[in-house]
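On the provided structure of chain A, position chain B as indicated by the hints.
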Amino acid sequence: MHPRRATFWALYLPPVAWVGLFFLVPLVLMFALSFRADMQGELLGPWRPGLTQYEAIFAVGSYWRLLAISIGMALAVAAAAVTLAYPIAYFLVFRAGRAAGICLVILMIPFWTSFLLRVMSWKFLLGSEGVINSLLSYLNVISEPLGGLLYSRNAVVITLIYVWVPFAALPIYAALQRIDHELLESAADLGARPWAGFRAVTFPLSLTGVLASFFMVFIPTVGEYVTPLLIGGSSGSMFGNIIQDFFTKAANWPRGAALSIVMLAITLVLVAIAARVVNVRRLLG
Amino acid sequence: MLTMLRRLFLIPVLLALSIAACSQKSEDKEVAQTSGKLAVLDWAGYDAADFWIDFKNKYPDAAVGFEIGSSDADIYGKMKAGTQADIFHVYTGWLQFYVDEGLVEEIDVTKLQNWSKVPESFRIIGQFNGKQYFLPWDWGFTSILYRTDKVKGTIDSWTALHDPKYQGHIATWDDGPGMVTVSSYIHQYDETAITPEQLAAIKAEWIKQRKLNLFYWAGEPELIDAMANGDVWVAYAWQGAYATLLGQGVPVAYADPKEGRNSWVGAYGIRKGTPNKDLALRFLDEKLAEATASNVVNQFYYGVANQEVMQGITDPALKQAFSIDDPTVLQRTNFTPNLTARQRDDWTAMWTEVKAAP
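Chains as they are written, first to last, in numbering that gives the first Met the number 0: chain A, 0 to 284; chain B, 0 to 357.
With the rest of the complex left out, here is chain A:
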């Protein structure tokens, strides 16, 4: 084998095998499972494929409504996370100077703690005996704890934005770093004020990072289930919770698999539409 070809295979085979084994195979299994009628018999044994699960899902309007709500929440979280992350990334690239490295490490600190701990910390912030209620009570602003802070959809959205902001900053940071500083200098030389330079040069050139960041937050947030489970309360469920319920509380894996496939298909369609609308290819040059 030609050495270059051998190097190619040595580099690409392990990740391809890894993704194939632990991503594609489970996905195919999930797809196959969604055509089972129930859990009777051996799970990996032969079964007669059917559309029972999909028919059941289409018959329940509330599942579709919840999927729409989850997509709306994911859009809001992604938009807010990107908006908050952009100034952070901008500061790191253009203003932090020598401190950029340390600032980047500080940005990464939340990743050193468990995701669950970060979500749980919001329970202590928003709870009836939490930091916010205690402070307001201490300041005599309230006599009774505010009940609506925790166990609501708003609490879920706020927590998810907090969780995603550091992640969202990274692709934007990478995109901003790639911008040739001479372009900004040229804009300034041609009389562009800082804001005009930002609008005409910096922001358009960072859009790839902004989009990557947006989708990086949006896609997993649609299927989020841990955060609503912990702080969403009775009315804060998302579509991911229904999927999780079918797997871990109902022992109905085929229904859970069918719901997962529906969510995956709709998310892919939305991403494809968005990519077409914003014309990613043109952005990528």
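The hints are simulated quantities; they were obtained by calculation from the structure and are not laboratory data. Just so we're clear, the structure is a prediction, and the values are computed from it rather than from any experiment. Glycine is no exception: its CB is placed at the ideal position from the N, C-alpha and C atoms. A portion of the hints provided could be inaccurate.
Said to hold, decoys possible - Facing chain B, according to a computed beta carbon distance under 7 Å, are these residues of chain A, among others:
hint: 1; residue: S127
hint: 2; residue: E128
hint: 3; residue: G146
hint: 4; residue: Y150
hint: 5; residue: G232
hint: 6; residue: S236
hint: 7; residue: I241
hint: 8; residue: D244
hint: 9; residue: K248
hint: 10; residue: A250
hint: 11; residue: N251
Said to hold, decoys possible - Distance windows between CB atoms, simulated:
hint: 12; chain 1: A; residue 1: Y53; chain 2: B; residue 2: S34; range: 48 to 54 Å
hint: 13; chain 1: A; residue 1: P48; chain 2: B; residue 2: S120; range: 41 to 47 Å
hint: 14; chain 1: A; residue 1: A75; chain 2: B; residue 2: K149; range: 32 to 38 Å
hint: 15; chain 1: B; residue 1: V328; chain 2: A; residue 2: P109; range: 46 to 52 Å
hint: 16; chain 1: A; residue 1: I218; chain 2: B; residue 2: I67; range: 26 to 32 Å
Frame of chain A, contents of chain B only:
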């Protein structure tokens, strides 16, 4: 003559040697049965050594590993998916499936030294088709737990979970079959034969209740925290939460609803086809032994199938939690029946619709 003497001498020597060899072999076999590895599929918390301490002390050469299941459905799913756990722990309502699908081994109770401590009323819970498939172990009540400083008067009905007076301060268990059970008590439905119309009414009832409910609890610790800090005043709860809160000095009461309390029993089964069946049996036997059984009572505040341990309870909080001084409590208790696969699928799907509803 010499040959004869030699023979006479040799025969007992050979006999003695062969007996010694056999006994050595038998001892080897004994060692093999009391050592090795056991995998237990159990609930979080039950993996603590206190809850299998007798086995640990008696069989120090046996290694026990735990796989954790988060719910009955999760454990059932793991068993269906082919987990290699030798022993698994499930609760009433979910036992029948394992027998129907050939996932559980019959238990030879004649090999259990502690079996005599288990009363017949508990034994029958693990019996199917005249065979003992499960070893009943922990048990408890389900009722309404409430804060006596927040709720005026006493609660004497399951309808309290639907009472607008407690809006925003109610917490129920995140479990479809559990909520069908509550509705069947309230409306006097036959829990074993819920009709589609009744299920639709139950769904509507719980969708309406969602506006009053603060959160659906998945584990006792989150319920206990919320009741202790005053967020939740009225809750569907197991008596473990009641005893814990009593122990913490939180003013709570455990209702004796006119429709009756619910009671559940946890049982251990041995996976069909396990190569460690003998060791698994020994493990189950030691689960019933005194120290292990006492620990589940004293630490989790659950009852245990070993009646000697239950009769020895002196702690007033535990006596109150188990209603030990009330001889009629069991007559007023509804025991969780086994679900069919159809009921399981319909009731759990109903609950997801409640959670997804506007």
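Hints and how they fare:
no., hint, in the structure
1, S127, "holds, 5 Å"
2, E128, "holds, 5 Å"
3, G146, "holds, 6 Å"
4, Y150, "holds, 5 Å"
5, G232, "holds, 4 Å"
6, S236, "holds, 5 Å"
7, I241, "holds, 5 Å"
8, D244, "holds, 5 Å"
9, K248, "holds, 5 Å"
10, A250, "holds, 4 Å"
11, N251, "holds, 6 Å"
12, A:Y53 x B:S34: 48 to 54 Å, "holds, 51 Å"
13, A:P48 x B:S120: 41 to 47 Å, "holds, 46 Å"
14, A:A75 x B:K149: 32 to 38 Å, "holds, 35 Å"
15, B:V328 x A:P109: 46 to 52 Å, "holds, 51 Å"
16, A:I218 x B:I67: 26 to 32 Å, "holds, 29 Å"
The earlier numbered hints are all upheld by this structure, with none contradicted.
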